[in-house]
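Visitor: Assembly of the complex is requested from the two constituent chains, each provided in isolation within its own frame, with the hints serving as guidance.
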Amino acid sequence: MRLEYTPFEALELIMTALREVNPAVADRAQSAIDAGVDETVEQDIQRGQGRRRQISKREYRKNRPLTDTESIDAVLGVLEAHLIVHRRVVNSVIHEFAEAAIGSVEPPGRYDLKDKQVVYPITDSIGVMKALEIEIVPESARRTEALVQTVSLTLTDENQLTEITEVLSALKTLTRFES
Amino acid sequence: MATMAQLQSAIDRLLSHPLGPGNFNLVQVVEEKAYEAYVFGLCLEAVRTLGVVPTLVGISSAPNPFVFRGGPGQIHSTNRNYGYAHFNLAGEEFEIHACVEFRGVAGMTHELDVSLIKAAEANQCRMNPDDPASSCVIGAWECKFYDKSLDKGLARAFVGLLDDLGTNVRLEGFCSNAWHSQMPGFFQPKRRPYPHLRLTPLDTSSESRFVQTLAAELKKMAKL
Numbered sequence: 001m002r003l004e005y006t007p008f009e010a011l012e013l014i015m016t017a018l019r020e021v022n023p024a025v026a027d028r029a030q031s032a033i034d035a036g037v038d039e040t041v042e043q044d045i046q047r048g049q050g051r052r053r054q055i056s057k058r059e060y061r062k063n064r065p066l067t068d069t070e071s072i073d074a075v076l077g078v079l080e081a082h083l084i085v086h087r088r089v090v091n092s093v094i095h096e097f098a099e100a101a102i103g104s105v106e107p108p109g110r111y112d113l114k115d116k117q118v119v120y121p122i123t124d125s126i127g128v129m130k131a132l133e134i135e136i137v138p139e140s141a142r143r144t145e146a147l148v149q150t151v152s153l154t155l156t157d158e159n160q161l162t163e164i165t166e167v168l169s170a171l172k173t174l175t176r177f178e179s
Numbered sequence: 001m002a003t004m005a006q007l008q009s010a011i012d013r014l015l016s017h018p019l020g021p022g023n024f025n026l027v028q029v030v031e032e033k034a035y036e037a038y039v040f041g042l043c044l045e046a047v048r049t050l051g052v053v054p055t056l057v058g059i060s061s062a063p064n065p066f067v068f069r070g071g072p073g074q075i076h077s078t079n080r081n082y083g084y085a086h087f088n089l090a091g092e093e094f095e096i097h098a099c100v101e102f103r104g105v106a107g108m109t110h111e112l113d114v115s116l117i118k119a120a121e122a123n124q125c126r127m128n129p130d131d132p133a134s135s136c137v138i139g140a141w142e143c144k145f146y147d148k149s150l151d152k153g154l155a156r157a158f159v160g161l162l163d164d165l166g167t168n169v170r171l172e173g174f175c176s177n178a179w180h181s182q183m184p185g186f187f188q189p190k191r192r193p194y195p196h197l198r199l200t201p202l203d204t205s206s207e208s209r210f211v212q213t214l215a216a217e218l219k220k221m222a223k224l
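One line per chain: the protein sequences are Y and H, in this order. According to the numbering used here, the residues represented by the first sequence are 1 to 179, in order. According to the numbering used here, the residues represented by the second sequence are 1 to 224, in order.
Bound-form chain H, shown alone (with noise of 0.2 Å):
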């Protein structure tokens, strides 16, 4: 039988660990955004599959450091050398950036929390400070940490935003660590985004999914 002594000792064991509560400085915003760059490496694993390695680039210069937005911000912003990462695919550019805002069929700017579009666009909206249009995004990814049920309202709120960005993007995911039970079905509809629900390094089979998918999209695009 477990006694109350065992139970107390378990939690002290757990609270004086040096990567325990008593040493965890909660820091929401970062726990957000490393989710964020978490899907956006997964993004770098995808086109790596592809045999390409993706170029890591800053606004401004090289990026050292590779800083990632903390808010919505625009493509062109010099505030600091924002990263993002370029790649060549048979020809084709794209870049891949965290947290930059983008102009929707109604006029109406939407941030995505990662995106995949054409480097282009992306390049002559730096040169000419301006917000991208939704035409050029081919990959939108809504990212989500949370520590407990997902709120229904950010499914929805997703859902309403791509119906704003036009026809041009080929995937949408709606990824988070964590889950709520409605979401599945009502990700469900056609032209609804994948849920990537449950997706942490924990969890292997569900990065493969997310990295798998985008590859097959890329390679598809590129008709390799």
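Extracted from the complex, chain Y is given alone in its bound form (with noise of 0.2 Å):
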């Protein structure tokens, strides 16, 4: 597809509108533009003169900054990360652990040491969504009253994932450049 407009003007344009909605996640996006790249060179080196001449190559690695148009994939795959692959994740947790059992242990001091422990799953917890929390202030953080101490992990809706992997995947084609 052409394009009216130049990689650097649709970089500048996404990340104008992005630090204005989301600061955090902008920040997160040059972050990814600012690491740059490894990549490969190969060198031709020339051995001796004349008729003994002979052309080698080799190959050594080197770090450089994103062009402009790999900085707009960098851009895109920070979106895509926070957006898309991290709900993703948090549904795949909440399927897998609805299809694990919850159980209970015998209490400690009723059974010798030595012996296996009792564990007592409820079979009706089997396929039903359990409640999952993160912990965002770990254990040895001094607790205040005022802080929230755990985040529950939230389904998002399978077609809203779908609509917004869509619209995302229209932007990547609309910075899609030809080399």
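The hints are simulated quantities; they were obtained by calculation from the structure and are not laboratory data. One thing to keep in mind: the hints can contain errors.
Once the Cα atoms are required to be at most 16 Å apart in a straight line, the calculated EDC-like pairs of lysine to aspartate or glutamate come out as [stated by the list, open to error]: (1) H:Lys148 x Y:Asp38; (2) H:Lys148 x Y:Glu59; (3) Y:Lys172 x Y:Asp44; (4) H:Lys220 x H:Asp130.
Here are the simulated distance ranges between beta carbons [to be verified]: (5) Y:Ala141 x H:Gln6: 46 to 52 Å; (6) Y:Gln43 x H:Thr213: 20 to 26 Å; (7) H:Pro72 x Y:Thr173: 49 to 55 Å; (8) Y:Asp34 x H:Gly166: 35 to 41 Å; (9) Y:Arg64 x H:Asp203: 24 to 30 Å; (10) H:Pro72 x Y:Ser31: 23 to 29 Å; (11) Y:Thr123 x H:Lys152: 20 to 26 Å.
In this text, a Cβ means the ideal position worked out from N, Cα and C, and glycines have one as well.
Guide: Right, here's the structure in full:
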């Protein structure tokens, strides 16, 4: 597809808009751009002169900044990671845990330490979505009542996920520059 | 020809989408821990493929909610009712944990993002508070959720950590949604962890590889 704008203009447009709506994600995008890229460079090496001249090749690795086109890919990669992959990861966690049973262990002191622990699964809980939480204040942190201690994992609607994947894909198409 | 107006409109559609950046609150620790929970979930799936239903247990009572640690912690910690999974395979009992610390061969403690361990040792460490010895670790996975190319240092650090876990570990994996061009080569030598790179729900073949590898190892151990 031919494009009316340059990669630089497209990058500026995306980053300016992103900075306005979500500075934290924009910072992550900038960090991905600034990470640059590892590249393998091929070099011709000339040995000897005249008819004895031989040309061999060697490769070496080099860090270089991203081009404008690569920067756009990096920004869209950041958006995909946070907006799509993370949510699909959470959905997967919720579905996988739903297939496990909830159970309890026989309380300490009622059995010999050398014996195996006794786990009582509640079979009704298999196939039922579990309440899952991630601790955001680790146990080593000093407690204050005001802090939110955990975050619940919640399912994201599959249709909306498909929709935003398509929206991001459309943006990728509009930033595919002919080399 | 695509116009500037079309590009602007595509950007606006993304930004204003209900799941777009305009409605997204970035909490890095949640993303990192959710990715560990995802690998934990793949371990549960591997167990289920062997016809065994794993049981979710809490340190002090049935886990409702099931809480994932937000940072490295002890297996016996009673700060919260942290969750883990238990399963029995041909008479052998195992547990799956996230973010638990183990005592390495040299005495230093190491946190494993996701681990598969023998239940007997874990149980003793909960009863008589202690860090489990690395000799009880059967599977060890490092989990990294990244939105850019991975840092090479992560691979080096995990290889160093594994070196101190001793030789009982049967499965070692470096899991990430991301990638680094030099990592597959770094992980190639024997006794280095398997690189489960670009392991996400978007790539079901990479998920299957993880699940099948673990299931095969469990089968071998249980002589099924």
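Visitor: Decide if the proposed pair is consistent with the structure: Lys148 (chain H) and Asp38 (chain Y), CA atoms, cutoff 16 Å inclusive.
Guide: Given that 16 Å is the threshold and the Cα spacing comes to 13 Å, the pair holds.
Visitor: Between Lys220 (chain H) and Asp130 (chain H), is the straight-line Cα distance small enough, at 16 Å or below?
Guide: Outside the cut-off at roughly 30 Å; violated.
Visitor: For the pair Ala141 (chain Y) and Gln6 (chain H), does the Cβ-Cβ distance stay inside 46 to 52 Å?
Guide: Holds - the Cβ-Cβ distance for Ala141 (chain Y) and Gln6 (chain H), about 48 Å, lies within 46 to 52 Å.
Visitor: Quick check on a hinted range of 23 to 29 Å for Pro72 (chain H) and Ser31 (chain Y), using CB atoms only.
Guide: 25 Å, holds
Visitor: Is the straight-line distance between the alpha-carbon of Lys148 (chain H) and that of Glu59 (chain Y) 16 Å or less?
Guide: With a Cα-Cα distance of about 25 Å, the restraint between Lys148 (chain H) and Glu59 (chain Y) is violated, given a limit of 16 Å.
Visitor: Just to be sure I understand the hint, the distance between the Cβ atoms of Gln43 (chain Y) and Thr213 (chain H) should be within 20 to 26 Å; is that true here?
Guide: The hint (20 to 26 Å, Cβ to Cβ) is violated, given that Gln43 (chain Y) and Thr213 (chain H) are roughly 40 Å apart.
Visitor: Could you check the hint for me, namely that Asp34 (chain Y) and Gly166 (chain H) are 35 to 41 Å apart, CB to CB?
Guide: Since Asp34 (chain Y) and Gly166 (chain H) have Cβ atoms about 40 Å apart, the given range 35 to 41 Å holds.
Visitor: Lying within 49 to 55 Å: is that true of the beta-carbon distance Pro72 (chain H) to Thr173 (chain Y)?
Guide: 43 Å, violated
Visitor: The hint says 24 to 30 Å between Arg64 (chain Y) and Asp203 (chain H); measuring C-beta to C-beta, is that right?
Guide: 28 Å, holds
Visitor: Is the distance from the Cβ of Thr123 (chain Y) to the Cβ of Lys152 (chain H) consistent with 20 to 26 Å?
Guide: 47 Å, violated
Visitor: Lys172 (chain Y) and Asp44 (chain Y) were given as a pair; does the straight-line alpha-carbon distance stay at or below 16 Å?
Guide: 36 Å, violated
Hints 2, 3, 4, 6, 7 and 11 from the list above are not met by this structure, while the remaining hints are.
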